[in-house]
Each structure stands twice: as C-alpha cells, then as structure tokens.
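Novice: The primary structure of each chain is shown beneath.
There are 2 protein chains.
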Amino acid sequence: MKELIEKIEKYLDEYLPVSYPEEIFESMRYSVLAGGKRLRPIMCLEACKIFGGDVEKAMPTACAFEMLHTQSLIHDDLPCMDNDTYRRGKLTNHKKFSESTAVLTGDALISYGTQLIIEKSELPAETIIKVLKEHAIVAGAYGIIAGQVVDIAMEGKPYDEKILEYIHTHKTADLFKAVLKAGAIIANANEEQLKSMDDFGQKLGFAFQICDDILDEISTFAEMGKTLGKDKKSGKLTYTALFGIEKANCKVNCLLDEACDILEKQKINSKIFDSIINSIREKVK
Amino acid sequence: MKELIEKIEKYLDEYLPVSYPEEIFESMRYSVLAGGKRLRPIMCLEACKIFGGDVEKAMPTACAFEMLHTQSLIHDDLPCMDNDTYRRGKLTNHKKFSESTAVLTGDALISYGTQLIIEKSELPAETIIKVLKEHAIVAGAYGIIAGQVVDIAMEGKPYDEKILEYIHTHKTADLFKAVLKAGAIIANANEEQLKSMDDFGQKLGFAFQICDDILDEISTFAEMGKTLGKDKKSGKLTYTALFGIEKANCKVNCLLDEACDILEKQKINSKIFDSIINSIREKVK
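So the protein sequences, as listed, match chains A and B. Residue numbers for the first sequence follow our numbering, beginning at 479 and rising by one. Residue numbers for the second sequence follow our numbering, beginning at 479 and rising by one.
Hints are supplied without guarantee of correctness; some may be wrong.
Unchecked claim - Here's a subset of chain B near chain A, in silico, CB distances under 7 Å, partners left out:
no. : residue
1   : P499
2   : V581
3   : Q593
4   : A603
5   : I606
Hints are computed from structural coordinates only; laboratory data are not their basis. Cβ coordinates follow ideal geometry from the N, Cα and C atoms, glycine included.
Hey, can you work out the whole structure from these sequences and the hints?
Specialist: Structure follows, in structure tokens:
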C-alpha cells in the first residue's frame, strides 16, 4: 500500500506543475499534496486492476478524483461552512492562503480534473466520456454537493436515520462508488461488475463515514490532524449522536461484512480492498 | 436577437429542473435565470451556424458555458471577493440564499455544465471531448481563474498595461474565445476557422471588458443593475484608471475594427456578430 501511495503522490506532483499565476498553482499543490490516505485513487486503480484493466491508464482518472476530493475538503473547511483551521495536521487552505484563494482553488481543481482525464488518459473517446460522466455527476448537485447542502440545512434540527443515510451516502459513499466505477469502466467491466462496484462503494463508504463520526468523538487532534468534537458541538447529524457509539460500532462491522459478501459473490480477491476494510474494522473494534 | 435569447432561456429553464435537495437547484436556477444578455451562448450558437453546423446540437454546450459564466459571477460576488450585493438588479446569490449555498451553487454549476454536454449533446464522442476540453480549460487555473487571481493580487498595487491585458484576457476574452471555438468545433470547422474564432474572441472580449470598465465609471445603478464605481474605490486595475475614458473609448473602437477585419477576412457575414459589435460601439461612442 505504501508503494502505491508514493506512486500516486508522484503523479499528483507531476500533474500539478507550477505555472503563472503561481499563487493558484501553489495553493492547489498545497492542499492536494498535503498527504492523506489516498483511499479514493487507490480504490480507483484497484477496481481497474481486478477487472483486468491497464492500471497506468487509470492514473489520470484516479488523480482527478483525488483532486475533486481535495476540492470538497477545501470548500467544506471555509468559514461559511465548517470554519476549520486544521486539516491533515496543517493549516486549512483559506488559513494558509486566503478565503478568496481557497474558493478559486477549489473551483480550479474541479475543472482541472476534467482536463487531466481528457489530456492524459490514453483511452478510447467513449471510455473517457463515461469516466467524465461519473466525475461530473458525483461532483455536482446530484452527488457530494447534495450531501453537503442537506448536512448544512439539518444542523441543529431534529433528524432521523433516513436523512442521516442520505447525507452520508452523498457526502462520502457517492465518491467511493464513482471512483470504483470509473476504475471498472477503464477496465471495460460489464454491467454486473459495475453494479457490484456501486454496491461495494455504498457499503464501504457508509461504513467509512460512520467510523469518521465515531473517531470525531473518541480521537485526539494528534491522531486525526484536525479539530475534533466539532460535530457534536454544532449539533451536526452523526450516527453516534443518533444511536450512541456501541450501536455505531456494530453498524460499521455489519456494513463491512456486507461489503465483503459483495466481493465474494463476484469472486473478487483483493488484498487492497481487504486492507481498507480491515483498517476501518480496527478503528471501531 | 430577442427570439434567440428567449430560446436560450427556455433551454436553460428546461435543463435545470428542481430536484431534491430543492435549495441547491433553486439557487442554481435563481442565478442562471436572472436574465443578462446571454452573449456567450448566443456567440456559441452563431459560431456553430456560420460554419454550417446544426445549431440545435450546440444548445447544451451554449447553455453549459452560460452556467459556467454564472458560476464565475456568483463566486466573484462573494464577500471574500468583490462583496457585491446586487447583480442584474437582483440580490446576489449569497445575499438571497447564504454564503455556503453560493459557494456550493457555483461548484455545482461547473460540473453540471460538463454533465449537460455529455448527456444532451447528440454529437460524436470525439467532438464532445473537444468541447469539454474547451469548457474545462477556460473554467480553470489556465482560464478565468488565472484572471481573477491576478486581478485580486494586483488590487491597490502599481500596475501597467501588460498586466491589465493579462487580466482582461483571462477574466473575459478567454470565455468569449472558448464559446466561439466550441460552437465552431460542433460545426466541424477547420483549423484556420478555429483560429479566426480565437482571434475574434480575443478582440471582442477585450473590447467588451474595457467597455465594462468605462460603464463602471459613467453609468448608473438603474442602467447596469449592480453597484458601480467600485473598481475605482477598491483600487482595481481598469483601463480607464490607466488611460482615462477618452483613450479607453478609442481602444474599444480600435479593437472592434480589428474584430470586424477578422470576420471580413474569413468572409463571415453575421448579423448577430455585427449586432454585438454595434451594441458595444454604441455604449462607448
């Protein structure tokens, strides 16, 4: 996994050369190269690999999705949204640069991902379009933005499990599904295989987000690199707030079991997927 | 022209149905359907038409570029940028909704344009990719964002004509060039024809922006629908600040003459382009 992360970071670095005006490119690089688990590009490359695709050809797509993920974090951290000061142990983009730069940096990362997929993918035009469609839909008002809008709208309001599942699905699972499907599309996977990635991404993404809710309550700044306990304070909808930590732990394990079942049914044997599943399991046990 | 504007607005309305969560779609609709001259989609459709293309097939692209233009206005109006209260005689997006909604609405409009071009254009895959490339590059750090970044960075600083031309080119002319080229691409225009649209867009866009600088100084709120005189107050780089109104007027007329020459050389006879050129000329005379 470490080698794969290094490879992805090498490409992210290469794909983001500094050009004039330097400030915007340096700001894009600051946030994109700030570390992180690189889960989304890893999943994209792995989905491509397990369906027999050429992993090198999936690299621009994997990196474009990582840039999109970074964009969503930069904008979520803004004063008008979560107003966060730290992310991955470093100052958030608007604290390091400025609010206006942070807005523009996020904007630039959305379309730069599209540009990257078009310019660097050596793939048939039809395949590129299918990948771009996954990228565009998940980036927009039917994807992560839908989750963010409802999350903000529900702050401090009475809520239920259904709304919470909607938010977690769109804010987190949608991107998991999109990267997995994009990788599978590049490998020319069939409809059943694409459906399995969609289902797997839903279970894994939901488990990942509930795990994040739990860690927000029980972890320390040193472990997470960001200010914690904020969800509870702002009256944010979390799985732990709704059901308590014990039930949240159970739910995560249950979702991960279901994710494993999906892989087994498709006879998918992936050390990378296993390792991601286990890393979530270890955090909640 | 009035009929064409009505047609474009009918499509913009149709392309933006309200879905859950309603707030984000209503916010997208609020700003996209707030009126305006619809110059960019008009130019896109006209470029398609003059090179013999099917204008109906250019409609999703024309509307996607109008959404991109709207995105740039919504984010430019934010408190951390120009901090504007009115746009086209109505409250700016963040004043009508909220700052967080305005950020997310802009984000959503970038990728929704991409989605629209992919889903609604009945064009060959190769053509769609070329159009998407124009859309992605102009939206990003090599396009309008480059102009905005330098514009903000130079506020209150000593400046020269070269920097001003850079800002005006990227903030305004780049989008003019992109919509014209996209329309021409849909019509399968050849390299020389594409180059002519690039040159024409540069001259017209630059003239349009200098005209905007002039109007910012001499117009009233009732005429423009936005707060005026702000450029001067904030020490913003404008052509009138650098050279005075008289020289700015001359420059606009000179650029428009050059734009006409480009059309003439290509034997392009367009009432729409003539009308756009004349409407700028009338404002500065």
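Novice: In ascending order, which of the hints set out earlier in this document are inconsistent with the structure?
Specialist: No hint contradicted; all consistent.
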